[in-house]
Each structure stands twice: as C-alpha cells, then as structure tokens.
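Engineer: Just so you know, the sequences run in chain order A and B.
Here my numbering is used: the first residue of the first sequence is -18, the next is one more, and so on.
Here my numbering is used: the first residue of the second sequence is 73, the next is one more, and so on.
Some hints here could point you the wrong way.
Below are the DSSO-like pairs computed for lysine-lysine, each with C-alpha atoms no more than 27 Å apart in a straight line [unchecked claim]:
1. A/LYS217 - A/LYS285
2. A/LYS161 - B/LYS161
3. B/LYS301 - A/LYS188
Pairwise CB distance ranges, derived in the manner of DEER restraints [stated by the list, open to error]:
4. A/THR243 - B/PHE130: 32 to 38 Å
5. B/VAL264 - A/ALA177: 44 to 50 Å
6. A/ASP202 - B/GLU126: 32 to 38 Å
7. B/LEU90 - A/HIS405: 55 to 61 Å
8. B/ALA104 - A/LYS279: 26 to 32 Å
9. A/PRO130 - B/LYS161: 39 to 45 Å
Treat the hints as calculated values from the structure; they're not laboratory data.
The model shown is predicted, which means the values in this text are computed figures rather than measured ones.
Every residue, glycine too, gets a C-beta built ideally from N, C-alpha and C.
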Amino acid sequence: MNSSRFDITRRTALLTSAAIAANVVNPFRAFAQETPRKGGVFNVHYGAEQRQLNPSLQASTGVYIIGGKIQENLVDLDANGQPVGVLAESWEAAPDGKTVTFKLRKGVTWHDGKPFTSEDVAFTAMNMWKKILNYGSTLQLFLTAVDTPDPQTAIFRYERPMPLNLLLRALPDLGYVSAKHIYENGDIRQNPANLAPIGTGPFKFVKYERGQYIIADRNADYWRPNAPYLDRIVWKVITDRAAAAAQLEAGELHYSPFSGLTISDMARLGKDKRFIVSTKGNEGNARTNTLEFNVRRKELSDIKVRRAIAHAINVPFFIENFLGDFAKLGTGPIPSTSTDFYPGANTPQYPYDKAKAAALLDEAGYKPAAGGNRFSLRLLPAPWGEDISLWSTFIQQSLGEVGIAVEIVRNDGGGFLKQVYDEHAFDLATGWHQYRNDPAVSTTVWYRSGQPKGAPWTNQWGWDDAKIDKIIDDAATEVDPVKRKALYADFVREANTELPVWMPIEQIFVTVITAKARNHSNTPRWGSTSWHDLWLSA
Amino acid sequence: MRILSLAGRRLAASIPTLLLILIGVFLLLQLAPGDTVDAMMAQMGGGDAATARELRRFYGLDLSVPMQLTNYLWRLVRLDLGFSAIYGKPVATVILERLPPTLLLMTSALSFAFFFGLVFGVIAARGVNRWPDTLISTVGLIFYATPSFWFGLMAIVVFSIYLQWLPAGGFEDIGAVSTGLWRVLDVASHLVLPSLTLGLIFLAIYLRIMRASMLEVLNLDFVRTARAKGLDETRIITRHVLRNALLPMVTLIGLQAGTMLGGSVVVETVFSLPGLGRLAYESVVQRDLNTLLGIVFVSALLVILVNFITDLLYARLDPRISAES
Chain A
-18 MNSSRFDITR
-8 RTALLTSAAI
2 AANVVNPFRA
12 FAQETPRKGG
22 VFNVHYGAEQ
32 RQLNPSLQAS
42 TGVYIIGGKI
52 QENLVDLDAN
62 GQPVGVLAES
72 WEAAPDGKTV
82 TFKLRKGVTW
92 HDGKPFTSED
102 VAFTAMNMWK
112 KILNYGSTLQ
122 LFLTAVDTPD
132 PQTAIFRYER
142 PMPLNLLLRA
152 LPDLGYVSAK
162 HIYENGDIRQ
172 NPANLAPIGT
182 GPFKFVKYER
192 GQYIIADRNA
202 DYWRPNAPYL
212 DRIVWKVITD
222 RAAAAAQLEA
232 GELHYSPFSG
242 LTISDMARLG
252 KDKRFIVSTK
262 GNEGNARTNT
272 LEFNVRRKEL
282 SDIKVRRAIA
292 HAINVPFFIE
302 NFLGDFAKLG
312 TGPIPSTSTD
322 FYPGANTPQY
332 PYDKAKAAAL
342 LDEAGYKPAA
352 GGNRFSLRLL
362 PAPWGEDISL
372 WSTFIQQSLG
382 EVGIAVEIVR
392 NDGGGFLKQV
402 YDEHAFDLAT
412 GWHQYRNDPA
422 VSTTVWYRSG
432 QPKGAPWTNQ
442 WGWDDAKIDK
452 IIDDAATEVD
462 PVKRKALYAD
472 FVREANTELP
482 VWMPIEQIFV
492 TVITAKARNH
502 SNTPRWGSTS
512 WHDLWLSA
Chain B
73 MRILSLAGRR
83 LAASIPTLLL
93 ILIGVFLLLQ
103 LAPGDTVDAM
113 MAQMGGGDAA
123 TARELRRFYG
133 LDLSVPMQLT
143 NYLWRLVRLD
153 LGFSAIYGKP
163 VATVILERLP
173 PTLLLMTSAL
183 SFAFFFGLVF
193 GVIAARGVNR
203 WPDTLISTVG
213 LIFYATPSFW
223 FGLMAIVVFS
233 IYLQWLPAGG
243 FEDIGAVSTG
253 LWRVLDVASH
263 LVLPSLTLGL
273 IFLAIYLRIM
283 RASMLEVLNL
293 DFVRTARAKG
303 LDETRIITRH
313 VLRNALLPMV
323 TLIGLQAGTM
333 LGGSVVVETV
343 FSLPGLGRLA
353 YESVVQRDLN
363 TLLGIVFVSA
373 LLVILVNFIT
383 DLLYARLDPR
393 ISAES
C-alpha cells in the first residue's frame, strides 16, 4: 500500500484548504492540464441491490450510487466540504430559524421534458422527505409547509427553529428531489418510477435487469454546459467480493465504491499501477466501529465496568494489525473528518491498560472466581463488513484476558437488528455508527433517551441521562453555529465520560478506481454525487 | 396417453409432500429472527421507527402468523404465488426471469459431468488398477475434494485475467447488444467457466459410479457369453456392458438435479449469474417469504419433473422395468 495516498493529515489539509480546490482537478497526479475526453462507458461494481433507486425515498449509499446520477439534490458538498447549490442556487434563513428560503435554478428540465419548479420541491419535501425517507422523517419532523410563491422559490416553514447549517449539511443526503407530475397520483411506494427513476441529473435511466445490471445514458439536455462527459454508466451486480476484484483486474469494471472489496484485495490492488485505492472522496461517509453496552444488565450498568472493558482492549494494536491504512483511532461519536463539529481528542479517552481494567473490575466488586472468570457476556456483532467480525473476535480475546468470558452470537442482518434493537437480547453489541455530516442527523439518536423500541441504530441500551438529553435537544434547535459547535463538544465529552456506547475506531470507506478516471473523488461524498464532470482518459 | 396418466399420478402423489415442504419452510422462516422490514433497514443502513412501522403495515406483516400462512395457502390454491417484497413484482415474474440462467447452467453442467464422467469411467474401468485408472481416480478425487468457489475464482484468475479468453462473470455482454446467433455464442461463452466449475464436482462422482458399475457388469455371465460368441471388445462394451452400467448413473442424475439447483448458489455468486440459487439466498437474507416459498414450489416441481423423466429413461434402458409396472 502506498501510504502517502492515505495520509490523513494530507487529506485533511486538502479538505480544509480553500486555495487548493479551486484549480486542482485530481489531487493524486498533475493532470490539470489534460483536456477532458468525451465518451466512454464507466462500469461500476454494485454489491447489494436495493429495493428501489429513488434517493428521495431511501437514504443509503446503495441508492445514491445509482439514483444520485439520475436525480439531483437541492444542495451538495464542494471539495472543501461546504454546501454548494445544485438545484438550489441560493438560500436564506430567517433570524428566528423558522423559515428557510431556497431560490431554485432556472431552465432545468426533467428527463421527460417537463420543467423543474418549486412545486416539485414542495411535493417531495412534504410527501417523501417528511413521510417516507429514512432520517428525513426525523430531520423534517417540524416542517409544517413549503410555500411556492413563484416557480423558482421554495419557502420551508418550521414549527421550531431549524439551524441552517444542519439543514444544509443534511440536504446533500436527504434533499433529492422527485418530479411531482410522476408521483402525485397513486401510492408513492408502488410507483414504477422507483425502479426506473426520472430526474434532472446528467444521466438518464435506460434499463434495470434485476440481478444483472443497470444502465444509464448521457442526458444531452443537462443544465450544466458541456456535461456530462461519459456516454454511459453500467452498474454490474456482483455480490461476491473476490469476483468483483477479479473483474476489476480483467478490465470489466472501473470502480468499486464504499469498501466493496475484501481488505486484502484492496491492499493488493493498491500496489497495482492500474488502480487508485484511497479513502479520498468518502470523507462525508465516515463511520465509527461501536461497542454498545446493554446497561439493563447489572454489571454493565456500572460505569467502572464499561470503562474497564474499554481499557482492556488494545485498539491501536487491532487497527495496525487488522485494518491497516483503512482506519484510525477514534475519539468519540463525532469523527475527525467532520471539520465543522469535531471537538478534538481532548475528551475522556480510554487507552489500553490491562492493569487498570483489572483494578476497575475489582473495585466494582467483580473479583475473579477460581478459574479466573469474573462474569460472562453475550456479544452480538453486526454481519456487515469484515472489520466487525474481526473486531468482535478481538474484543472476545481481550476481555478473556481480564476475566470476562465473551460468547459471540452471530446473526444475519435482519436477525441482528431484531435481537439488538427490538428484543434487547444482548449484553454487548458491535457494528457501525454512520456519521452524516451533522451530529443531529444520525449520531445523537445513539445517546438520546426515549427512542421507540425497534428503531435500529438508536439508543436501545436502556441508557437514560437527563444531562445528555438536554445537550442534544438544545443543540438540535440552536441556530447560532458557534454555540451549536460548543454544545456538540459538550455532547462528546458527556458521551465519552458516561460511555453507554464506545466508538474507538474511525473508518472511511475505501474507493478502488481505475487510474484512467479523471475528476473523481473530488468531493467528500463523491461516490454518491452526479459525476457530471467525471471522464475517462484514453 | 399412458405417460400422461403416469405423470398425473406422480404429480398427485407429490402434492402432500409439496404442501408439507411449503408449510415447513414458512414456519422455519418464522423462527429466524427479524422480518423483511428489519432486513430492509439493514440494507438501507439506517432508518427511524416511524418508517419501520409504516413499512410493516405496507407488507402485511402486522397480521398474525396463522393468518399469514392461511392467506398464503389460499392464494397458492388459486395459483397465485404472491407479491415479492424485495423486487416489487409478482413472484411468478421474478422466478420466470431467473429460471433460464439456472436451467441453462444446470443442463450444461450436468451434460458435461455426465458425458465426461461416462467416458473417463469407462476408460478407468477398462484399465483397472493400471496407470489410466490411477490417474483418472486421483484427479477425480481432487476435483471432488476442492470447494467449487475456489475452482471458480481460480478459473477466473487463469482464463479471464491472465489469458483473457473468457469473460469473468455475468450472463451476457452488456456493452454490445447482440442478437440471434451472436447472442447465443455470447451467452455460451459466459457459461463455459460456471458450467465447468459446477460440473467438475459432479464429474468426479459420475466417473466413480461409472467405473464401479462397469466393473460389476463386466464380470456378469452375459458378458462372458458375448465374448464366447466371438464379439469384438468394442461392441461388447458399447452394446452390452455400457447400457447395463448406465442405470445407476441415471438414478444419480435424477437425485442430483435437485442438489444442483441448490448447489449453484455458490457458482452463481462467484460468476455473478442471475439464477435461482442466488435468488433463494437473497430471499432468505431479506426475509422475503413469498419469493422463497415460490422458489421452493418451483424447485420441487422441477425435481418431480426430472425424476419423472428419469423413470422414463429407466424403461428405455431396461425393458423389464416398464413390463413390471
């Protein structure tokens, strides 16, 4: 692996420095002077088919990787991770935070030729984002109406203050617009356009052969001048990771997004000159590995035991030997890639210290029995990702050394969610927490009490802490960005002190892409964006 | 007409079995934790409780288990396989789309295994305990002992990456939309590696069975009589021995057609083929009950059909069998 490509400081520097993004097209190599080439077919690895392709209805990378080329969002993130208008040209929030006005782009048409207007935005916001879209329904909970005084203006009205920077950082993922005239009649969930999307994006949907491939062709009437460059994008359904790596090598694929290959294949292809293997372009899809404590269990309700468990696990050793360049030490629920909210590492941390772990356990009253065993726990690892499986085994062995016997109970996806988040049939659970550019989108729900039973990826650990609840609620409606950032620093400090969930590893998805691709990985959520400027060199 | 009535009787006899299998699978999937909405949430990578509640109502998962089972069986009586939760289409359509690749793969792998199993089995039996026999048996054992996913991946590495002779996966070339004979050749080239991979394991079994059964028949009295009549060896082997030695092979094919439907999950996954095996696997992971039951139903019908054909073949190979029935 060429470690310089993964250098975190270099990547962070690229993201934060405003000067660089203006003229560097591809930060990996000096290709800036190359003339973009029109044409070509771009073949993309598609690992897990979804039930639909419309990103206004389902927020997940598996949908954005296709639907995000066909439909567009109001706002996206630029190379510096700052909001930049796509279908919206400008925006303005009222001082009380209760109205946000978007001015929309003129001269944009849907793929069927009808004009794009504020009616489409109002319809999508009220009927899809607020009612159906996962995370959207939480974000837009207090949205009461979207006014459309003219075709280019959409005014979002909220019952409670909506921080503008929260909305702008959530909309890249949760702000894809669908056409009103396609969806206004009939059941939205059953609409045929969900599997044959119609949008305003640079590529037009052509065909979906379930289990095989999806094709989209160049939209000749696209609103950005001279875009897109590619003639066609083909997404090939390949569920076997090793087979996908083989197809990349055989030249039948150009791109495997979101850590779609095995760790060993990614490391191997990273040494191959024909490919670029990097975490760049995925900063907006940061995730942390978790350790979730069911505090209903007597032992785990004791903060000393939770801290002892954290101290007993040698995280740097695990990262170095199992995850390599693809991960780094985490410092809490807000990852270091979040330039707007990262509070630094100056919050309570739990470095590896076996003696301290043992002392804490003794102090809590759990002395080792004759065989050295203090107590036993059931650990449920999520089935997605090799790293989770490795991490759960590592936890088992580490805790075994301080006298906690861990039994690993493996399930498939549905089973894991049911047992952990609905039936609470776990002592420890481990999976991924996905950070979506603002802690209010999908992070604070891991700590806020009162989550409905059965809601996946929320606080189902029986954790109830008035102090942290108050910080979370205050931050969600705080319109002053500086105060908001400070509140989230308090939130991380409190979360790391009480430790209902431990988030000790930070990961960013890894991209494997052909070295012929240009203008790739140039924004923090590149895999999900429209690829209007992507081209292939000869 | 006699064949039709036989087929009808066979089908009627298998209805209770079919019903038991369907109810069994239905209940078994109820035991698995989580439902299709949980699986969907897992796939989406996140969602809130309101979304989940809404989806459960949408898929009819808020009904009781006996209620769901009764609904399902009643629909089946009317030959309605139901609606697939993951595909958003009628189950019958989903299965029909997936059937051709599976059938093609199964037929080509079985034919390959059967033909070469037969040839190598005969060669091994003819040269029993000499070097051809030892060589064939050893190679057969290696094929049998090697997992098929490994074979598949190695075949891709050699033939697709290094030699670049054959495509690494998929059912047909998406870039070039071909028709007629070119399309047939295109699909065939995509099926070479998967068929070999799937066929190799069965080849090993067939050649062992063929060898053993040849050796047994070669020692029977009528072979000695044939030799005593002064028939030449080739004629004895092809007309007398082979025909009798084929019976166990035909039995095996009937039994293994079912296994192959299931056994192709691995091969379909490695070669990214859109077949029934992968569909079944996905429906289990996604808890898509209707689709899974539909596949069980169709597979059961296929197995019954293959066994019926096997019975007809018996009669053709050994006239005594049909005379008795």
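Engineer: Which hint numbers doesn't this structure obey?
Structural biologist: Checked against the structure, the hints that fail are numbers 1, 3, 5 and 7, while the rest are satisfied.
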